[in-house]
Amino acid sequence: GEGDPTPAPTVLVHGLSSSHACWTRVLPHWAEREGRVIALDLPGFGGSDPVGEGYDVELVADTMAAALTEVGAQRFDLVGHSLGGLLSTVLADRHPDRVRRLALVAAAGVDPMWSSHPAQVAAMGGVADRLMRARRRYGPGLAARPRARVLMFSSVVADPERLSADDARLLIACSQGARRTSEALASVMATDLRPRLARLPMPVGAAWGTEDRLIAATALDELHRVRPGSQV
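Numbering (this note's numbering), first residue to last: 335 to 566.
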C-alpha cells in the first residue's frame, strides 16, 4: 500500500518453516484498510539468509528491527504468527519504542513447551526437517489429490479435507526457503515469553484458533494471567 506511514505501518511476521507469502491473500485487503503493510521473511526462511549459529531469538529480533529501519519503518504495529509471534514479542521487549501495538496469532512461547532433553529436541527438529523436505519434493505433484492433502497437512490443519489444491500448493511454496527449521524449533521449545509479555508497555492482543493443532488455545490462559484484560 501507499498510505501515510504515520502513525505506524503494519508489519506481518510469519511462522515456522513459512515465508512472507503466507499472507498473500490478506495483504491486498489489509493494505486497503491500513495503508502501508510490510510482510517480511524471517532470517533463515523464505528469501532471508540465516544470522548467527542456531536460532538466537534476540539476534533474530534485532535483525528484524534493523531491516525495518532500512525500509523506513521506525515505529510500527506488529502482527506475529507462531514463531513470528514469539520473535515479535522479543523485538517489542528489546525495542519498545519501536512497537506501537502487538498482536499475537497463535504465538509460540506464551505457554512454554520446555524440554530438558536436548536429544529429544534435536530428534523432533530432525523429523520436522525431513517431513518438510518430503512435502516440498512430492507435495506439488500430489496437491490435486484430496487424500494426499489430508496426509500432508493433518498434523497442522484442523480440517485438511477443506484445503483446496491451491491452498496446499501455497503452503508448500511458503516453505521453500526454510533453512533453519530444526534450530528455530529448538529455540521455541526453550523460550518462555511470559516475563517479557508481563513488562511490555504497549497494548497486546491475540487471535487463536480453537482447534489449533500446533499451539493449543489454552495458551490464552497464560496470556490472561500475565496480561489481564488483553483483547482476544
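If you are wondering where the hints come from, they were derived from the structure by calculation, not from laboratory data. Everything numeric in this text was worked out from a predicted model, so none of it was measured. Don't take every hint at face value.
To be verified - Computed spacing ranges between beta-carbons, pair by pair:
1) T552 with L476: 25 to 35 angstroms
2) L485 with G406: 42 to 52 angstroms
3) D555 with L476: 34 to 44 angstroms
4) A550 with V484: 40 to 50 angstroms
Where a beta carbon is used, it is the ideal one built from N, C-alpha and C, also for glycine.
Hint by hint, here is what the structure shows:
1. At about 33 angstroms, the CB distance of T552 to L476 agrees with the hint of 25 to 35 angstroms.
2. For L485 and G406, the Cβ-Cβ distance of about 44 angstroms falls inside the hinted range of 42 to 52 angstroms, so the restraint holds.
3. D555 and L476 have their C-beta atoms about 38 angstroms apart, which keeps the hinted 34 to 44 angstroms range intact.
4. Range check, A550 to V484: Cβ separation about 21 angstroms, and the 40 to 50 angstroms hint is violated.
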